[in-house]
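S.K.: These protein sequence lines are chains A and B, in that order. Quick note on my numbering: the first sequence kicks off at 10 and runs consecutively. Quick note on my numbering: the second sequence kicks off at 800 and runs consecutively.
Hints were generated in silico from the structure; no laboratory data involved. Worth double-checking, as some hints may not be accurate.
What the hints assert, rightly or not - Below, in silico cross-link-like pairs of lysine-lysine (DSS-like), each with a Cα-Cα straight-line distance of 30 Å or less:
hint	chain 1	residue 1	chain 2	residue 2
1	B	K801	A	K151
2	B	K1052	A	K151
3	A	K174	A	K151
4	A	K216	A	K229
5	A	K174	B	K813
6	A	K140	B	K801
What you are looking at is a predicted structure, and each value in this text was computed from that prediction instead of being measured.
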Amino acid sequence: MSETMVTVRDVHKAYTRGKQSIDVLHGLDLSIPGGDFVALMGPSGSGKTTLLNLIGGLDQPTSGEVWVAGQRIDRMSSGELARWRAANVGFVFQFYNLMPVLTAQRNVELPLLLTGLSAAERAQRAAIALKLVGLADRAHHKPKELSGGQEQRVAIARAIVSDPKILVCDEPTGDLDRKTADEILTLLQQLNRDFGKTIVMVTHDPKAAEYARRTVHLDKGALVGEPAAH
Amino acid sequence: MKYFQLVWASLFRKKTRTLLTVLSLAMAFLLFGLLQAVNVLFSAPPTFAGADRLIVQSRVSFTEALPLAMRQQLRTVPGIEAITWRQWFGGIYQEPRNFFPQFATDPATFREVYPEYVMPEEQWRAFETTRTGAIVGRRLAERFGWQVGDKVPIQSTIWPQRDGNKTWTFDIVGIYDGRDEETRQRTGVMWINFDYFDEARQFARGLAGIYDVRVADAGQANAIAQAIDSLFANSPNETKTQSERDFQLGFFKQIGDIGLIVTLILIAVFFTILILTGNTMAQAVRERIPELAVLKTLGFPNGLVTALVLAEALLLCAIGGLAGMGLAQLIATGLARLPDFPPVPLNLAVWTQALVAIVALALAVGLPPALRAGRLRIVDALAGR
Ligand SMILES: Nc1ncnc2c1ncn2[C@@H]1O[C@H](COP(=O)(O)OP(=O)(O)OP(=O)(O)O)[C@@H](O)[C@H]1O
Ligand SMILES: [Mg+2]
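Just need the whole structure built from these sequences, with the hints factored in.
M.R.: This is the structure:
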């Protein structure tokens, strides 16, 4: 493992709804080295998604610092963040979030539209990514013609196609059966081991957490106990 | 361009809805194309371009007949080659739906002013010499199966004979044709002998109706028209001299303020289409907010997401609009081939207006949802908030 990939320093996050302010994260510190695979667990409403969104640059903290991939992202404008995300992060969601109107191949090509690659290069890279997740033969299927596990594989291909340093996954197996979940987790593990991708994965499932190198527990907006290594 | 597929695929996400919207847009632009063409036709300023014939009518209205005596004065206007006159007969052959125009005219001068109508020499002579003679165009003759020698009773809605009888019987003494395809289309008219008509009618004798004059040089048409009108200015019979084309348009203008009618119809049509298309676009964006949020997650900047939605609106409006205009063009071209129809000019101006309307419509229906899409906060949208 190399230098630090994620540093979260004294981060507070409060949501304001009208006059009410909900304090979700209070003074959270977290450090994740490059090449790590961290499972983030905790009860519902404890702030897992909130923390993941801060690390992935989808949202900004109320206060504190967030450093990811060598850049401080908590002060970036939305345009800078967009560019930063495109270059550094891959996202995997519980419900896959593919474009229903596009084929698997086109879905995977989406992030590459933001690059200067030619159409042929985009197609080639997407094909490689789909092959990596074992779906080369489904390239021209639309999401609704795929199973949940296959959809999630396409989503993972999309997340890695632009070769990001870090993958953030919010309950990636939350909607899948045990066997399919194990396949997806094995794939993530492979991406971590063989390709050195840093992975932060939110999960409710202790079995899923076992695939990670270590697990951190979040409760009521704060990390609890020592990070447990597997 | 690399985003085209994404935009296209998004547009046809709900095929039926999009196709129905495209269809409505096409209908709206079909109407727009045709009506706007009519509008252009009627709002065009009077033109004398290429006019080698002028129509002199009463300044008040073409239904106000000018006296026969005016032809002496008209002859003094330099640049005029030939003068004839005609009076609307307003007759019905058998039943009203058989409508066709009839005019009483002076055979000899008619021929000079309208050299494009051709007929055997002996028939021209018969027209001049037969008091109850009438000539009919080839198309009209074919329509009713008339031949030279037939007697045709026409009931005038305006002119009784001296004995009060409104039914006039004319002898067909000639069937004329056009000397080219364009004039052949206009051979749906009957001409009767003015001298006989003038003697036989019960009232208004000595009134010529309107004058048709042929000018030597079309380039002088405007100047000659002005010369004629100033000749009769401040006389009891003030005139309005126009090109043939403008005179014909004047016929249709009787219907009412065509520009206003057309504008009102188009406002109604576009208001409807605005609501309809606006609803389609708003719905299209609303139902895929999470997808738009995913695009942003992948790093699509806000401006690009706005642009994509706007492009979708533009594509929708362009497909519908161009389909409608294409159809309008086909119909206008078809109408132009029909006789007795003023050519509807679906010209560059109308196409330009249509393109502007397409863009304006796309902005109107696309901008609100596009801006909304651009402003979406990723975390809220992903969470369905
Ligand atoms: N945009 C928001 N506005 C208001 N409250 C929010 C918002 N996002 C999250 N919250 C609140 O913050 C708290 C933490 O939410 P978060 O989604 O991070 O929890 P979680 O740990 O991911 O839960 P789950 O396991 O159910 O996904 C919850 O109480 C939630 O209601
Ligand atoms: Mg969550």
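S.K.: Each hint needs a verdict: does it hold in this structure or not?
M.R.: Taking the hints in turn, this is what the structure says about them:
no.	hint	in the structure
1	K801/B - K151/A	holds, 19 Å
2	K1052/B - K151/A	violated, 58 Å
3	K174/A - K151/A	holds, 28 Å
4	K216/A - K229/A	holds, 23 Å
5	K174/A - K813/B	violated, 37 Å
6	K140/A - K801/B	holds, 23 Å
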